[in-house]
Structure formats: structure tokens, C-alpha cells
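Kindly generate the complete structure, drawing on both the sequences and the hints.
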Amino acid sequence: MSLFDKFQPIIDIQAELQQLGVMPFGAVTEKLLSSTEAIVNGHKVILAGTNNYLGLTFEPECLEAAKKAIDELGTGTTGSRMANGTFAGHVALEKELAAFFDRKQAIVFSTGYAATMGMCSTLAGPGDVIVLDADSHASIYDGVRLGGADVIRFRHNDPADLDKRLRRLGDRIENTLIIVEGIYSMMGDQAPLAEIAEVKRKYGGLLLVDEAHSLGMLGDHGRGVAEAAGVEDDVDFVVGTFSKSLGAIGGYCVSNHDQLNAIRFAIRSYIFTASPSPSVIASTRAALRLMQERPQLRDQLWANAHRLYDGLQQLGFQVSPQVSPVVAVTIKDRNQAIDWWNRLLQHGAYVNLVMPPASPTDDSLLRCSVSAAHSHAQIDRIIGAFAALQTQAAVDQA
Amino acid sequence: MPDYNAFLANIFEILKPFAKQGIILNEESELVTELGLTSLQVMELVEQLEDHFDMSIPLNILPDIRTVHDLALALEKLEN
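Chain order of the listed sequences is A and B. This note's numbering puts the first residue of the first sequence at 1, with every later residue one more than the last. This note's numbering puts the first residue of the second sequence at 1, with every later residue one more than the last.
Keep in mind that the hints were calculated from the coordinates and are not lab data. All C-beta atoms, glycine included, are put in the ideal place defined by N, C-alpha and C. Take every hint as true, because none was put in to throw you off.
Here are the computed lysine-lysine pairs in the DSS-like style, where the Cα-Cα straight-line distance is at most 25 Å: (1) B:K77 with A:K164; (2) A:K68 with A:K31; (3) A:K67 with A:K95; (4) B:K20 with A:K332; (5) A:K164 with A:K202; (6) B:K16 with B:K77.
Simulated DEER-style distance windows between Cβ atoms: (7) A:N84 with B:E28: 56 to 62 Å; (8) B:L78 with A:L3: 30 to 36 Å; (9) A:A194 with B:M1: 34 to 40 Å; (10) A:Q19 with B:A9: 46 to 52 Å; (11) B:I24 with A:M82: 55 to 61 Å; (12) A:T78 with B:E79: 48 to 54 Å; (13) B:Q48 with A:E30: 47 to 53 Å; (14) A:L17 with B:A19: 31 to 37 Å.
Here is the structure:
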């Protein structure tokens, strides 16, 4: 018995994949040709498995802002936000985020994981209660475990189940934090936030929504599912990331609770890590501005989402329950999922392979995501790569 | 208020499908190593128990639970 024994299942899978000559986890992007095309594991592919939803990673204004920040401020801050790591850009971005979300307070974190994990671990501690959606992201589960509150799950996207669980809490509702996501990262389905907010109004508690995958996608201003559902006043905290629609890295929390400005100094993932590099802050600020100036990006994104979703559905694939920029294809057999992921790469489409426990069920997923920057022709080539899988499968069976 | 035996009886009921050939379900049955419950199935078990007894079962108690006996005992403690 050694410390390493518990890693044996991972070692076994790695060996199995190596024998198959497949490298789905940690595939190497050798060269980026644009925001939508790259050389991955030696194959020229269309990127259909990134979170570059608005396609802003090569936007000239973002690139220029980042370069200027490097020239003027250097490559890193070398310190915590609480010490020497708060530059004028960090403060400006917080103000701009608060203005964008129409909230009083904002905190900028070094990553989206640090933002979500930090807020979830700090807001509720021992003696408090967390009620979370069963399909919550790992950053939420890690945070609530660290915080030490009593953690209760409700069935995924099921407001009636949430109602039942909040009712059982009785007086403990006063110390309860409800946590859901806007769009769920694996299947791309949206939280029924209007109904969830209604349950919260009925019982009480505070509500935190992780809009990591919905920023820039939904609502009149692109603020996410809460805005689209018309329930922003019921959401106490919004957390999210700069690493998806804003094309950089970092995270945020916004709130109308004045206490957030004090809470920041209790969040260990805010204090005990270096702050985001100046270039990251600069490109994020530019991207946030562009996202607001170009609402047409949202329209392009959704047009592409519908095109891919409809195309894969027409081919007969089992796609996610609702149209979204994340289109997940469910594959029952794990080995088939691995084989198909590899064939898609050969056919010129990079997607994400997701296997349990990362997938929400015992099935595997070929998770595709679209970008506003994809052309219709590129979306059609992704669909074509999936069609080629079926053709090959038919030949193999014959 | 349900007691240890009431919890035990319901846990046995829910776990019946997991008692594969050759495995006799008893208080010392181990949920993961013996009955082969996946993490998703453990969560499903918790949800069913919560609904049956109309109670809240925090996930925090799970790391200390290995057997059917551990689970029934933990639920009894929660309710009292």
C-alpha cells in the first residue's frame, strides 16, 4: 500500500490510451492559425472544443492593449491583490464590471476557479448550509467542501426538488446559500432561473449564480441567464470567468451587497495568490468593451449554435437537451467515444472528450462548442466530420 | 421519529438491486467496495433516503460512511 496506489486507475487509463495511440487529454495545440483553426496533435483542425465563444482571442484591440500593458507594466505583478498586486488596471476593471452588471461591488480574481471556489468556500462556513445543483462544476464542489458548511444537493435543474430541500431546512434557511450555474458546462443546458428565484423568494437564503458559460451570450446586455430570465434582483452574487467569452484568464464576483468589499479580505484564493498579469487585465478590459459594443457577436454565436445542433441532430446523434453554444453528443460506449474523438481529429475537427466522472452521467460525451468567429462553412465541416464517423461505422459493420 | 432499525430497513430496500448473486445484504455490507455503488449511485441513495424520511442529509457525512451500519447510524444521529 503506498500513496501512489490511489492513482492506479488513472495510470491504467493512460496506458490503455497510449496503446490505442490516442491522446485526448492534454492534446497539444502546436500552432494557432486563427481563433478557430489550429494544428492539434499534428492535425489541421477546426477548433470546436474551446470556450472562445465570442472569438475575441485574436481581436486586434485586445492584442494591442495586452502588448501596451506589457511594455508599460511588465510581465507580472509578482504579488497578491492584498499586497503589491493591485494595479490601477485591476481597480478599473472592477469598476467596469460593476457598471456592466449594474451592481455596486465587484472583485477581480486570478482565475475563474479561484473566483468560484473562493466565493463558495468563504460565504458559508461551519454551521451554515449550502444547497447546490447536483451537476455543479468542480470549482463549486471544491469550494463548499473547503468551507465546511452542511452541503445538500438538489436534483439538476429541478426547482420543485429545490423547494422540497429548502422547506426541510426550517429556520436554518437564514444561514443558507443556494448555488446554481447559468449554463452548465458539459451539456450546455440552462438553469430555470426564474423558477429557482421564485423558490428563493418563497423561503429566503442567498443565491449565487455561476455565469461562466453564459457571460456575453444571454440577456439584452449579455449579462447572462439571470438577465435573460429577468431575475437579476434575486441573484445576490454572480461569479464568472474571463477565460471564455472574454478570451483571457481570470475571474470575478459582482454583487449589490456592500459587504462584498469586506468579504474580499476573507477569501483565501484572492489573498494567497498573485494577481492577474497586467496584459491579462488589459485584454480583458478591451474584450469587455468590445462585447458591449458588438451585440451582433451574440447573434452570430447563436446562429452557429443552432446550425451545429440542428446538423448533428439531423444526422441522428443524441445531442444535449437544448440548443446552446455547447453541443454535447452522448456516446454510451467509452471506447467508441475515444475512437470517435480520434477520428474527428483526423477528419479535421477538435472537440472535447468527456468521460465519467467528468460527465454528469455514466455516459461519455463528445462535447462541441461553437464560436461567433466560426463561419457557416466551418460549422458545416464539423458536421461533415461527424457524418464521416457514421459512414465509417456503416462500412465497418458491412 | 424514525430509529436506527427504520433507517436500516429502508436502506436495505433501496439497496436490494445491488445485492448481486452471491452477496448477502447485511449491516456490514460495504457500499462501495462490496456492493459496487458508484459515486452517482451513492448520491441517488442519499436523495431517496432524504425523500423517504423527509429529512436533509448533508454530503459532509459521507466520508465517514463505509457500511450500511455506518449510514443507518449517521441518519439516526442526524434525526436526533
